[in-house]
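Each chain, letter by letter, is given below.
There are 2 protein chains.
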Amino acid sequence: MHNIAIVGYGNLGRGVELSLANNSDLNLVGIFTRREPSTVETISGKVFSMDDLLKKKNEIDVCILCGGSATDLPKQTPELTKYFNTVDSFDTHALIPEHFENVDQVAKESGHVSIISVGWDPGVFSLNRIMAEAILPKGKTITFWGKGVSQGHSDAIRRIEGVRDGIQYTIPNQEKIDAFKKGEVTELTTREKHTRECFVVLDGQADAERVKEEIITMPNYFSDYETTVHFVTQDVLEKDHKQGMPHGGKVIRVGHTSEVNQETIEYTLELDSNPEFTASVLVAYARACARLSEEGKVGALTVFDIAPKYIINEENRTLRKNSL
Amino acid sequence: MHNIAIVGYGNLGRGVELSLANNSDLNLVGIFTRREPSTVETISGKVFSMDDLLKKKNEIDVCILCGGSATDLPKQTPELTKYFNTVDSFDTHALIPEHFENVDQVAKESGHVSIISVGWDPGVFSLNRIMAEAILPKGKTITFWGKGVSQGHSDAIRRIEGVRDGIQYTIPNQEKIDAFKKGEVTELTTREKHTRECFVVLDGQADAERVKEEIITMPNYFSDYETTVHFVTQDVLEKDHKQGMPHGGKVIRVGHTSEVNQETIEYTLELDSNPEFTASVLVAYARACARLSEEGKVGALTVFDIAPKYIINEENRTLRKNSL
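Chain order of the listed sequences is G and C. Quick note: the first sequence uses my numbering, first residue 1, plus one each step. Quick note: the second sequence uses my numbering, first residue 1001, plus one each step.
Please keep in mind that the hints were generated in silico from the structure rather than gathered at the bench. Be careful, since some hints might not be right.
[Said to hold, decoys possible] Cut-off 20 Å, straight-line C-alpha distance, at most; resulting in silico cross-link-like pairs (SDA-like, lysine to any residue): (1) Lys1182/C <-> His1256/C; (2) Lys297/G <-> Gln1151/C; (3) Lys108/G <-> Glu79/G; (4) Lys140/G <-> Asn1322/C; (5) Lys1181/C <-> Val1298/C; (6) Lys140/G <-> Thr186/G; (7) Lys108/G <-> Gly296/G; (8) Lys108/G <-> Glu294/G; (9) Lys176/G <-> Glu1270/C; (10) Lys1138/C <-> Asn27/G; (11) Lys138/G <-> Gly183/G; (12) Lys1182/C <-> Pro246/G; (13) Lys56/G <-> Glu294/G; (14) Lys1239/C <-> Gln1151/C; (15) Lys297/G <-> Asn58/G; (16) Lys1321/C <-> Ala70/G; (17) Lys1046/C <-> Val1029/C; (18) Lys138/G <-> Leu1319/C; (19) Lys1138/C <-> Asn313/G; (20) Lys1082/C <-> Lys1239/C; (21) Lys321/G <-> Pro1078/C; (22) Lys321/G <-> Thr1268/C; (23) Lys147/G <-> Ser293/G; (24) Lys138/G <-> Asn1313/C; (25) Lys1147/C <-> Val1298/C; (26) Lys138/G <-> Leu1028/C; (27) Lys1138/C <-> Asn23/G; (28) Lys1082/C <-> Lys1297/C; (29) Lys1321/C <-> Asp203/G; (30) Lys147/G <-> Lys1182/C; (31) Lys321/G <-> Gln1105/C; (32) Lys82/G <-> Leu54/G; (33) Lys1321/C <-> Pro78/G; (34) Lys1321/C <-> Leu95/G.
[What the hints assert, rightly or not] To spell it out: a stretch of chain G is covered by chain C in this simulated footprint if at least three of its residues, at any positions, have a beta carbon under 8 Å from a beta carbon of chain C; those stretches are: (35) 217-229; (36) 299-313.
For each residue, glycine too, the CB sits at the ideal point set by N, CA and C.
Could you build the full structure based on these sequences and the hints that come with them?
If you want it as structure tokens, here you go:
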């Protein structure tokens, strides 16, 4: 049995709480929040102030960090890895190397394991990219996202001054998927593959033009994409865009094993709930984190560094017998 | 650079030879055969007698064993692992635990690494089964095989009077795939999962209707399946159906992350050449085998034990930057 703490309780933290209930070898120690705990409604009722996290240090094997990548995790993951094994879902692709180095240094100094950038992309999509490339070195890989809500991009919108609330959809292009599999195109820019569509609720007096400009020019998140921005009321946002958080996507590699033979590897996710699925991946890797720490491993790791046997609640002998 | 030997030269050995040419960090030392080397036509021309394998021991980092699972590998993998790091594609599911134990003992005694049961099933399909189950512990997994040629069913067609030649494809039943993904069914027998498609060349005067009737009503082979029969000329059969060894399949897991939300993970292979793809997986894991041996690892391993970073010819730092 491994003891898990949830740090931060938004959609992702709630997803982790739900996922832990599906994993009989993992025990929820508590949910730690910066809000006043009595105001936070959880499923388990195990909610504590962030100020109490260090006091429970000896009861916790792994902290799952459920903050955002924009401002929370760059500080929080290195800070908490001083005291805990950690798993995060840091997903600002361009800043992953820097985040990795920061966390790795702290993890090595303090003797902890931290698995960063866990989820589906980065995460299991990344794994499928490198495995497919390893198997078919002569080929092309492409990743399509959506249609679905991107939490990171929605968070980024909501951090803009004058924005009360917002949702961002990433939308793939089926024609381009088919063309790629047929070998008619071998390269597509992200801009060609997807568009981004934002539904934004403004604060009372905010300037719509300024907000729109800030969104479409935001580096890493929007500036390289064709982005549309719609301003809607809070009512419309709630009714039409907040009843679920579906997402998904595909990693496709088309390769040649010889002059005549083409092989295609396709990995597809169809998700009713983006945060619940991301949370489920975090929980599986929290298990790996605890096990690797028990084996004496220290430092920052990514999904690339972790043998699949570590993420599943099953004996390796049983896996060989039943699943190989 | 790692030095690789191919042991056995059928369709799989030839696939490995082709695959090594696509991997710049892997060098083919030679192909070792029980046949008289001068009678074996290879692409590289590097063909030697099995009797010379031990003489080249110091030039070889890993032997890729390309024999069959029925009689070759159960003896050959333990025997050669006394002297070499080895990778095999042992695929008799029921005997994997026994094979693993035999090879593990030899590998530990001799200080080698042996990765057994590498390919696509067992292999990357197995990996996808356990990873999907780890992420979605509350759910159902199903594996579909095909589209691919079934030798047994092709033989059965060819035994019918009036049939000159024929090929039978096993095809996943798309209706059943859709029903499983919708959660309408949670278990399917092999029989329910697949349909059968036959391409038949008639002898001169044979009655097509009678032959068709004999096929679709044949007990065990066809009568319980949805079967389609196409009559073609010998030319068409040779050109369109006998030039490759296509195969493929799907691993699908449908799970629930909460009461209301369903998540689907689907891994699909579409292969023009079953042996060339299997060979490409073997080659990627031969790289892992060499690297793990260099790190001091010993014993038998499976795909479950190997972190993805080991199978790809790329620095981990570069992977984090470009692929995570």
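Hints violated by the structure (numbers, ascending): The structure conflicts with hints 2, 5, 20, 22, 23, 25, 29, 35, although it agrees with all the remaining ones.
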